[in-house]
Each structure stands twice: as structure tokens, then as C-alpha cells.
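Engineer: The whole structure should be built from the sequences, with the hints applied where relevant.
Residue numbers (my numbering), protein chains in the order written: chain D, 3 to 192; chain X, 66 to 213.
Some hints could be false.
Claimed, not checked - Residues on chain X that point at chain D, a partial pick, calculated with CB under 8 Å:
id, residue
1, LEU104
2, ARG105
3, ARG106
4, ALA136
5, GLY143
6, VAL145
Please keep in mind that the hints were generated in silico from the structure rather than gathered at the bench. The beta carbon of each residue, even a glycine, is placed where N, CA and C say it ideally should be.
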Amino acid sequence: MSTIAAMKGGFNDPAVDAAHGFRALLNAMAMPGAINDVTGAVPVAPLSVAAGVAILTLCDPETPVYLAPSHDTDAVRDWITFHTGAPFVGPSHAAFAIGTWEALMPLDQFPIGTPEYPDRSTTLIVEMDALAQTGATLRGPGIRETAQLNLPDAGAMADNAALFPLGVDFILTAGAQVAALPRSTKIGER
Amino acid sequence: MTQEWNDRKTWMSLLAKVPVEALALAWDEADLGPDYRWLRRPETGAVMVRGRMGGTGLPFNLGEMTVTRCALELADGGAVGHGYVQGRDKGHAERAALCDALMQTEARGAVVETILTPLATQAAQVKGQRAERAAATKVDFFTMVRGE
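Structural biologist: In C-alpha cells, the structure reads:
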């Protein structure tokens, strides 16, 4: 009964849960490196709770979604369709892309916006095994001195930051935790 | 009036179009009140109604209409019911979805007997009256043949 599974796990109280989800994502984007806890969604495997919350909060029929091979299953498609109505597209037209880091590569297949409209770029929802405040050093807007986050590939993400004001943005999810890496964050090793 | 209720489309269509009060009355009378869980709480939106001129040809946009929809799952047995109804009445959508869910269970007979059949009869009466009123004002046009 895959169709019933697809209909479960949405927000219990859509207005309130989506507001909480949005606040958590906003905090994550505004303070790169900060890890926020989210609840409310119970998506189908292999989607994590945090990715589910991000999808329910941000996606609607006007945001094309790209599912990377790691997450491109009928169950995931049915779940996203029932709860958000978002259309599925290839990477070159996606507003959101969902998958593991390896499955989402290469990074240059996603739109990075145009100088007139830098917002016409993809936001990648990267599913990770765990989030931890160790690893690559982050600097930039929203960070007091420096912050640290275990990025899946600091080199590729630093190259993306070098494209500023163009480039893609990342939402990193693991379990019920979410962090974010906007294109404005500078990544150093130290 | 007897009607077969084999096709989900027929009862979904009836539930979507019946007057809010009529369904509320019938629902209270049936007194089924099953436990259920929301899959999608009632939400109101607009849908574009499209039609084809004369039932053929290319579809055109007739206009937008307000629709309220919801989805729920019965606690007992897990039957899933959908309600898509015209207007903004969330209770209407909820009752329609409950009827739809119950039509997939053993309570089917009770739903048909106390809710669907009376409502269908009412709807047919209203339709008949309107057709009669319209028929009374019907004008037939003739073209007189002139000459040979």
C-alpha cells in the first residue's frame, strides 16, 4: 500500500509546523555553521526528517524539484507530490535538488543564477550521515569570528562561494538536524 | 430511484456538489461518527475549470472556482477518504471525505442508504425542476419556406 504511505507524515498543523520549519531554515541560513533541530515531518525512506521538513516548508507547485539518483524512488515522488504538488525536473531547471552529496554531483549541472537574477539558482538539500561542528572553517556574513562544520566537500563548496554573487546554496540535513551553507560563506581550511 | 454505487466518481461528484446543509443534515442523521486521523487538513484553494465548446474542440478556461479539499484515514481499518468540495466549508470537505472513506468499509450500506441515496434523489429533483422551468420558456424557431 505505497499510496497510503505517501499520504502520511505531513505536517500535523500545517500553518504552525511550517512556520517553525521556516524559522529553523532561516536561522540555519542566517548563521552558517549553526545546527538546528526540526520536527513535524515523517517522510518516507530514504528522506530524513530534516529534509522532509525542508521540502514541506519550501516546496510548492511553483518550485521544480530534482531528485538525485540516491533519492529518486516512486515512494519519494508520491510523497512529495501529495504533500507539496511540486513538479519533478532535471537538474538544469531545478529550484531544489535533493540527494546525497555523491548523487548530486557534478555541481555545475545546476543553475547558478544570472547577474541580473542571482536568485534563479538551485538550493541543494544535501542528505548527510551526521552533522558536527568540526572540520572546515567558515567565515562571512552571519558568523561572528569563525564557525566549523563537517562539509561533504570543502573544496567544491569553496569554488561555489568564489562565484558570489552567483552560485548555489546548500541546506545540509542529517536525521532531524539541519544546517546551511549559503554562497556568501567563505570556506578556509586552517 | 435506484442507483448502483460502484463507481467512486459518482459519489465523489455527488458529495462535491450537494448543498452544505443537506449533507450536514444527512450526516447527522446517519450518526456514524467514525474515529479518523488527518492526512491532509482541510485547505481552501482555487481550481481552473476548463471546458470544451459543445463537448468537442480545444479546451478553454471557463473560470476559477473555490474548492476545499482534505484527506483522512479511518482509525479502524485505515481506509483513506478524500474530500474535494465546492466552496469554503471545511466541515463539508470533512464529511465528504468521511463518506468516501466509509464507502470502502462495511459501513458502505448505511452510507448509501442514509446519505447518498436521499441526496441523489434531492439533486435529481432540483435538476428536474430547473429543467422544467427552462423547458417552459423554450422557444422554437421556424423558417417559413417562401415561394416554391
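Engineer: Each of the hints needs a verdict: does it hold here or not?
Structural biologist: Here's how the hints hold up against the structure:
Interface restraint check for LEU104(X): the shortest CB-CB distance to chain D comes to about 4 Å, inside 8 Å, so the restraint holds. The restraint placing ARG105(X) at the interface with chain D holds, with a minimum CB-CB distance near 6 Å, inside the 8 Å limit. The restraint placing ARG106(X) at the interface with chain D holds, with a minimum CB-CB distance near 6 Å, inside the 8 Å limit. Interface restraint check for ALA136(X): the shortest CB-CB distance to chain D comes to about 6 Å, inside 8 Å, so the restraint holds.
Proximity of GLY143(X) to chain D holds as hinted, the smallest CB-CB distance being about 7 Å (cut-off 8 Å). Given the 8 Å rule on beta carbons, the hint for VAL145(X) holds: about 6 Å separates it from the nearest Cβ of chain D.
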